[in-house]
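**Student:** Keeping the supplied structure of chain A fixed, place chains B, C and D upon it in accordance with the hints.
Going line by line, the protein sequences match chains A, B, C and D. According to our numbering, the stretch in the first sequence is residues -11 to 99, in order. According to our numbering, the stretch in the second sequence is residues 290 to 501, in order. According to our numbering, the stretch in the third sequence is residues 3 to 393, in order. According to our numbering, the stretch in the fourth sequence is residues 136 to 906, in order.
Among the hints, erroneous ones may be present.
Partial chain A-side listing against chain D, Cβ under 10 Å, derived [what the hints assert, rightly or not]:
no.	residue
1	M10
2	T15
3	K16
4	I19
5	G25
6	D56
7	M65
8	I66
9	E71
10	V74
11	A77
12	R85
13	V91
14	E96
15	K98
Quick list of the computed label-pair ranges, beta carbon to beta carbon [stated by the list, open to error]:
no.	chain 1	residue 1	chain 2	residue 2	range
16	A	L67	C	F200	26 to 32 Å
17	A	S84	C	Q29	50 to 56 Å
18	B	S317	A	S84	24 to 30 Å
19	C	K153	A	Q93	54 to 60 Å
20	D	A155	B	L462	50 to 56 Å
21	C	L355	D	I213	49 to 55 Å
22	C	P209	D	Q377	52 to 58 Å
23	D	M861	B	L462	46 to 52 Å
24	B	V388	C	I32	44 to 50 Å
Only some residues are given here: those of chain A computed to face chain B with a beta carbon under 8 Å [as the list claims (entries may be wrong)]:
no.	residue
25	L(-1)
26	T8
27	V26
28	I29
29	L30
30	A39
31	L45
32	V64
33	A70
34	I78
35	L80
36	H81
Rather than coming from a laboratory, the hints here were simulated on the basis of the structure. This one's a predicted model, so the numbers in the text were calculated from it and none came from an experiment. Backbone N, C-alpha and C define an ideal beta-carbon position, used for all residues, glycine too.
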Amino acid sequence: MFSPITPAHYLFVGIVLFVTGMICLLTKRNIIAILIGVELILNAANINFIAFSSPVLFPKRVPPLVLDGQIFVLFVMILAAAEAAVALAIALHFYSRFGTVDVDQGDELKG
Amino acid sequence: MTGPDGMAILFWLFAIVTCGGALVVVLSRHIVRAAVGLILSLFGVAMLFLLAGAEFVGAMQLMIYVGGTVVLLAFGVMLTARRPLLPLSTTRDQWLAAVLLACPLTVILVQAALSYAPTDSVSAQVDAHSGVSTPVGMLPVTPARLGMALLGFSQDNHRPDGGEVSHGDSGYLLPFELISVHLLVVLIGAAYLARREVPSGMTPRDNQGQLQ
Amino acid sequence: MAQWLSDWLTLSPQWEWVAYLTVALLQAVILLALVMTAVALATWAERKVAGRIQDRLGPTRVGGRFGWLQPLADGLKLFTKEDLIPANADAVLFRLAPYLSFAPVFGVFMALPFSDGWVAHHFNTAAFFILAVLGLEVFGIILGGYASGSKWSLLGGMREAAQVVSYEVPLAFSAMLPILLAGTMDLVAIGEAQRGWFWNWFVFHDPFTFVAFWIYVICAVAGTNRAPFDLAEAESELVAGFHTEYSGFRWSVFYMGEYAAMAAVCGLGVVLFLGGWNGPIPVAEWLFGPASSTSPIVNFLSQLLGAVNFIIKCIIGVVFMISLRWTLPRPRIDQVMSMCWKYCFPLAALAFLGATLWVLMLPDGLLGQGHPKASTCEQSVMVTVERIETP
Amino acid sequence: MSSLSLVPQLLLIAWMLPLASFVFIFLTGSFLDRRGRASGFIATAAIAGSFLLSVVAAALWFGYYPLDSNHQASSHPIRPLSGDWYTLAEFGSIKLALGYYIDALTLAMYVMVSFIATLIHIYSFGYMHEELHEVNDPQVILGDGTTLRRPGRFARFFQYLSLFGFSMLGLVIANNLLMTFVFWELVGICSYFLIGFYVERSSATSAGNKAFIVNRVGDFGMVLGLAALLTSCGTLHFDHYQTTNGAHYAGLFFYAKAIQHPASELEPAEGSRSEDSQSNPETPPVTLSGPKGLTYGLLVLAGLALLCGCLGKSAQFPLHVWLPDAMEGPTPVSALIHAATMVAAGVYLVGRIYPLLTPEVLIVVAVIGTITLFMAATIALTATDIKKVLAYSTISQLGYMMLGLGTGGWVAGLFHLFTHAFFKALLFLGSGSVIHACGTNEMPQMGGLLRKMPWTAITMLIGCLAIAGAGIPLWAGFSGYHSKDAILAQVYLFHTTNRFLGWIYYLALVSAALTAFYMFRLWFLTFIGQPRNEHIFGHAHESPKSMTVPLVVLAFFAVVAGWSVPGTHWSLSALLEQARVTPLLENSQVPLFGNVVIPHEHESHEAQIHQLVSLEAFTAGILGFAIAVVFYGARWLDPAKVCQRFFGLYRFLLNKWYFDELYSRLFVRPVTWVASVAAWIDRAVIDWTVDHAAVAVRSLAHLDDWLDRILVDGAVNRLAAAIYGMGEWFRQWQTGRIRNYILWIVVGLVSLFILGSIYFGLGMHLVVGAS
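Bound conformation, chain A alone:
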């Protein structure tokens, strides 16, 4: 009844995550919400990597597994973790400086 799952299916999930993450970036004022948007976008990229390196989605490929995709996802995760650590530290600093998490309040560097 179901059509077999192809890489395109995964790409669609990635698209949804990417677009929602982008909208999240564009519409939220809360600094943590913006961080959440970034995480969504990173995950959208990860899904694509996994899809293209999957031995399940490319059963006839020789060699069956391309490790590059999974390694890249691991690196992206590590970078995301690092980014989250720094971003949260910045958020904390932001909060203690401005007393709010609204990024629009932090426009002291405007021209």
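**Tutor:** Coordinates of chains B, C and D only, in the frame set by chain A:
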């Protein structure tokens, strides 16, 4: 639970969880609910990874983002729970701009995804080039192989004709080391940024008491 | 199994998915029944052990002399209680939280092998998967604490967040040792690597694994939010912590989550350190031959014996955790955190390093008698290299 | 060879133990200081371990090479073990390495050094116990009139002791002169640290500096000697050695031998080696390396230069001035320096490089030794500081050793080194015990301590008897009797063959009498008679066990060190005899001084020489003792009156022959004068030039300033104004709102995608579906 149908069921289930979580993130005004949406979405992504045969990466996704989002949640709660709820909603113009931009972006991306032909073209090329027709078979993606790749033995980059692995494409040792150092530097930097300024005349131990 | 069901029902290929769904649900129900039984037994054991430690008898009325049916009575009482939602609460999250807390623990049992091959889904990264999924339990508790809209609950939830995120690090570190020794994250393979006499169990492999085992025990207790590390529900400070505002069925779901998590960490610990389904004496090998026999009945019997072994060890572990709760006082939150970061984590890291060196220096074990699987790490590297050599 | 092959390893461990102790205490000292005596225990355990390992190594060695009197004829000829542990660098045949050269002398030194060092470590527990707590140093007056209070430095003391032990053992085991030199300097720096242990006392620091600088003078000569040998022989190894490419090269001893017997140059392997090569056919032939520019004259010069270093280290005339000042260090350090480590190094080195020393050099050694021993003995007559007396006696005894070596008595000189180590350690530790009890070094403040400190007094008496060479002539005596008689016999033989140097023998005899006199003067002044200072006497007390036990042990050895083991002829001198080396041109005419002959040592063992010398020495000793009794024991004569009568001589001796003043005139003042002239030149010439150059540069700068302001600044300001205007225009894009930026990023992204899809079809085709 194997087979194409089983996979399809599970795929759709987790795709819905993923996309639904993402929508919750966008549509909820409350930061904690957005974080819950993010958790759902990331959980779905992890399950999609498992389905795609990337078990280690899937487990890694769960593990890392559990820690990451727990802290995110904690921060969300800490920074917003003190005062009455501030929705921090944006203007209608902002939403309009976002949607206006998102529409063409979606169209282009969908077009690209649809135009992608899921052939095994890459492998076919390699196959034809080397003339080796012995398939290795469905080797499981054990973490050992990922680990070996990170330590410099990447099976992918091995020449099918049995030649020597040439320098420079034999694995991911250098990126692995780089990212380790990067992570360390970032964590130290974050710890430095987030440290609490201790007012003079107050020992750090006094300060610790406030956290509890 | 699904294929068999489909054939039996003579379903047309386009309806095969119904068979899949049915089988999946069936397996889930079996697992759920198992988990619920475990939880019921654990609550009974908790009451009995508490009673014995406090010089009482514990439950004696319901279900004969030993109060066997006490869990059932408790459940009935809880289900008939009124479920309250405070006015100040975030209703959606308040309802969601208990299930978020219970579901991951249930998910753990999907990957936990009860015997050689008796596992719902054979992951080859099972150990890691279980550690990851166990960590998800904390979400429910934090959300419950936050959504209740009470300061006690909030404090409990935040404590839980800090505690669980911290203790995951040494927990994973100590769990890494058996993985390192067996050379795989596959729990079935890890269990198999400890076949034979009890000195083949990884806990007795070398001094470092012995240390790591006790770190695992400490971190598992802390990670499942059990006394003496139950800071999230410290009744002397926070009324009842994160579940102050919960009652009735939702509260019992939290409760079940906690006991199921106990069983889960015990199961993982048993597989990782205590030989899994291998008894202290290789009775199964004497009875049923060295390897899994071709005869399905013999095979089944041997696996059943393994599962009994496994369950007995789990029960011992759970009872140990329960008796910990009733004997040890509760430390302060800063003591809990410093215990994690200043003692458990460095010790676990040292043990990891030590075990690595041990395997490198003494691949045949201390006495040279050789551990049957001691050099699997090296072997796996060799196998991988071989695969690279001969594509 | 299996039992012998263990010996280098054992000695390596024995050598490394004190280093390990040093490193450990160095790293954890501040922590250990708070925990009491842990550092002391560590250091003591390390050096005691060295001692045990050395004894085991010695046992292995002598089990293989028994101490037969006719060892030359025994089945296996004695062959020193030599090899390299660690190669620092190789330049062709030149090899810089850390290695071992082991013969009976090395082993005996190892056992002796580690044994005495162990006893001194134990003794230091008692002596240095004050350093465990905060110390109040009464000798350091601060600006506000109070005395200095400082934290105790117990750990630091033991740390330096460990380093000292390590350095000395390294010096002893070295198989090449470079390694010797390195550890030579390490010994020097250790003594510097320990002499200046009380760094707050200016006297201590200047004493440390003095020791260090005087040693530099000697070491300068030594470096010259090393350079001469390295350039002429191309190696600094004593014995044959092997480079990493497998070639065997000859060592210094072989070159020296080749000079003696020029014919043997054609046949590289030396005698014993060629015999050995028959029994051990695998021994490869040795090749000569280097430019082979070694001539006899160069060897003389190199020997003299190396001797300079030995003179400095062993405090021989004229470089002896540092040793009395070195008494500023704690007494255990003095004992260590005098008995086992520092000053012994010089004598040991002369003994080690003996095959390289030509008769000319040996004569210089003998003359300097004689001058030193007489001079130091006379100075010791008048000194009142108990440690100074002992210091001069050390110089004097070292003179004896040098004299013995210089007159051809290799065994005699080194034998005295060993016996002297025992009784001088005993005397110093005893004096330390006295100082510990009295709180002063001045003998006139003491007296009558025999009653208060019986153990110290008796052991000190044994030490005095030993150093004076007491014994029953022709039969047996204290250890000093045997060794000193051996030296005197050799000197007597020397004076019979070389009449024009006969005064050496008589001076040595007179000094023997002086030795007896000043030692018993010390003992009588300290322990006998009425207490001269009731306050000090009242507070005096016997020292703790940790101090008296080493005294008793050392006293035992001071008595028996000269004896042979009953029933055998195993004795210290027989042991040294096994390692004996012969000097160049023994028993033949010396090329440069045609009529000098270095006699063979065996000849001095003749019974008639021995009897004669023994009786003469005994008479001299009795004479010295009698005078001491007359002046200080029975007090029949008042020493003060004698001093007044011979006031000029007394003042001359009291001022130590005016050596310090002489050096001050000769070296210090000229240097100060040159420095003041240089300072004047600096001020008047160089500063003037610099000042005026500065003025010139300043006026140039004014001109430059003007140019800068008008031309350069004008251009820059205009440019800046233009850029500022542009910035004003750009700043309106800088809203500071992050969402605006993201918006523009996304706009750019979407535009890029659209452009890409227009111009390149669909971008994804390009990336993925290129095939």
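**Student:** If you check each hint against the structure, which ones fail?
**Tutor:** 6, 7, 8, 9, 10, 11, 12, 16, 19, 20, 22, 27, 28, 29 and 32
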